[in-house]
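When you get a sec, could you build the whole thing from the sequences and use the hints?
Chains as they are written, first to last, in this note's numbering: chain A, 7 to 171; chain B, 405 to 514.
Keep in mind that the hints are not guaranteed to be accurate.
What the hints assert, rightly or not - Here are the simulated lysine-lysine pairs, DSS-like style, with alpha carbons at most 27 Å apart:
#  : chain 1 : residue 1 : chain 2 : residue 2
1  : B       : Lys468    : B       : Lys490
2  : B       : Lys468    : B       : Lys484
3  : A       : Lys67     : B       : Lys448
4  : A       : Lys68     : A       : Lys22
5  : A       : Lys65     : A       : Lys22
6  : A       : Lys68     : A       : Lys85
7  : B       : Lys468    : A       : Lys67
8  : B       : Lys505    : B       : Lys492
9  : B       : Lys468    : A       : Lys65
10 : A       : Lys22     : A       : Lys85
11 : A       : Lys67     : A       : Lys22
12 : B       : Lys492    : A       : Lys85
13 : A       : Lys53     : A       : Lys67
14 : A       : Lys65     : A       : Lys53
15 : B       : Lys492    : B       : Lys509
16 : B       : Lys484    : A       : Lys22
17 : A       : Lys68     : B       : Lys468
18 : A       : Lys68     : B       : Lys484
19 : B       : Lys492    : B       : Lys468
20 : B       : Lys484    : A       : Lys85
21 : A       : Lys67     : B       : Lys484
22 : A       : Lys68     : A       : Lys53
23 : A       : Lys85     : B       : Lys468
24 : B       : Lys448    : B       : Lys468
25 : B       : Lys484    : B       : Lys448
26 : A       : Lys22     : B       : Lys468
27 : A       : Lys65     : B       : Lys448
28 : A       : Lys53     : B       : Lys448
29 : A       : Lys85     : B       : Lys490
30 : B       : Lys448    : B       : Lys492
31 : A       : Lys68     : B       : Lys448
32 : A       : Lys65     : B       : Lys484
33 : B       : Lys505    : B       : Lys490
Keep in mind the hints are simulated off the structure, nothing from the lab.
The residues making up each chain are set out below.
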Amino acid sequence: MRTGLRNLLMSLNCRKTAVDVEEELQFHIEMLERNYAQQGMSGAHAKAAALRRFGNFEKVKKQCVEISRRNSQLRRILKTSLIFIALFGLSVRTLSSDYRVARIGAMLIMIAIASRLLLYVRGLSSRNFLPGTKQTSLSLFTDTPDDALRQKSEIILGHSQYRER
Amino acid sequence: MANERTDLMQGTLELLILNTLARESMHGYGIVQRIHEAAEDLLKVEDGSLYPALYRMEERGWIKSEWGVSENNRRARFYKLTSTGKRKLEAERANWNRISKAITKVLQAT
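So, in structure tokens, the structure goes:
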């Protein structure tokens with residue numbers, strides 16, 4: 007019964023993630039479409055251009071959902087483990103009459119609390135647990151004169167790396 | 405303008421996103437537009453591929469997102485920098501400076 011309820015909750019959560027991702031990506035496509043329409047394209051052409059520029063919708067959606075799920079599942083597992091460690095430490099601390107064992111219990115509680123705080127402050131980096139992820143595409147138009155390119159680079163980064171020397 | 409493409413160094417897109425979000429919170433479409441405008445179309449971010457990058461950055465704790473209302477009254481997810489993201493931006497900027505200086509030196513020497 008409890009497992010069934012948990013599976014149901016997880017399935018609902020996953021579905022919500024997928025719906026949220028889809029809504030976000032759909033918003034982007036609609037904005038592109040609007041932009042193209044404002045430039046004078048017909049509705050059908052604007053839609054086609056927007057979809058072309060966006061790329062593979064399903065692939066992007068799948069990647070985003072995957073990252074979200076992976077993140078939330080790891081987070082859940084870690085949080086649950088920390089609660090168990092803290093509870094175990096508390097029971098050891100209160101039930102044990104041996105000073106040394108009670109001290110170990112107190113240490114477990116502190117470790118669990120510190121880890122939970124660290125998770126809260128730093129967030130959860132999947133890079134610490136999983137293999138590296140694929141980089142996204144960023145391309146540079148290469149027929150531009152070097153000076154123009156430098157200027158743009160400065161504008162984008164808001165930095166003066168080329169002026170320093 | 406030719407559409408010849410060159411792959412940039414890993415992490416460049418993340419740096420551009422962090423830099424774009426340093427001023428204000430934005431949705432994905434806004435981020436792409438801002439990068440295109442600032443680069444005057446010299447740099448081209450593939451729109452769809454921005455999102456996996458955003459999700460990974462959120463997963464790493466550099467940015468965080470919340471749902472809000474866009475300029476055209478649509479529900480949209482807005483991203484903003486976290487304090488970890490601000491530190492990451494500074495580190496990546498410094499790293500970019502080091503690399504570009506080193507490459508410039510090598511190119512000037514040959």
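Results of checking the hints against the structure:
no. : hint                   : in the structure
1   : Lys468(B) to Lys490(B) : holds (12 Å)
2   : Lys468(B) to Lys484(B) : holds (6 Å)
3   : Lys67(A) to Lys448(B)  : holds (20 Å)
4   : Lys68(A) to Lys22(A)   : holds (14 Å)
5   : Lys65(A) to Lys22(A)   : holds (18 Å)
6   : Lys68(A) to Lys85(A)   : holds (26 Å)
7   : Lys468(B) to Lys67(A)  : holds (19 Å)
8   : Lys505(B) to Lys492(B) : holds (20 Å)
9   : Lys468(B) to Lys65(A)  : holds (23 Å)
10  : Lys22(A) to Lys85(A)   : holds (21 Å)
11  : Lys67(A) to Lys22(A)   : holds (13 Å)
12  : Lys492(B) to Lys85(A)  : holds (25 Å)
13  : Lys53(A) to Lys67(A)   : holds (18 Å)
14  : Lys65(A) to Lys53(A)   : holds (19 Å)
15  : Lys492(B) to Lys509(B) : holds (26 Å)
16  : Lys484(B) to Lys22(A)  : holds (22 Å)
17  : Lys68(A) to Lys468(B)  : holds (20 Å)
18  : Lys68(A) to Lys484(B)  : holds (23 Å)
19  : Lys492(B) to Lys468(B) : holds (14 Å)
20  : Lys484(B) to Lys85(A)  : holds (25 Å)
21  : Lys67(A) to Lys484(B)  : holds (21 Å)
22  : Lys68(A) to Lys53(A)   : holds (21 Å)
23  : Lys85(A) to Lys468(B)  : holds (19 Å)
24  : Lys448(B) to Lys468(B) : holds (24 Å)
25  : Lys484(B) to Lys448(B) : holds (22 Å)
26  : Lys22(A) to Lys468(B)  : holds (18 Å)
27  : Lys65(A) to Lys448(B)  : holds (20 Å)
28  : Lys53(A) to Lys448(B)  : holds (20 Å)
29  : Lys85(A) to Lys490(B)  : holds (26 Å)
30  : Lys448(B) to Lys492(B) : holds (23 Å)
31  : Lys68(A) to Lys448(B)  : holds (23 Å)
32  : Lys65(A) to Lys484(B)  : holds (25 Å)
33  : Lys505(B) to Lys490(B) : holds (23 Å)
Going down the numbered hints, you'll see the structure goes against none, and every one checks out.
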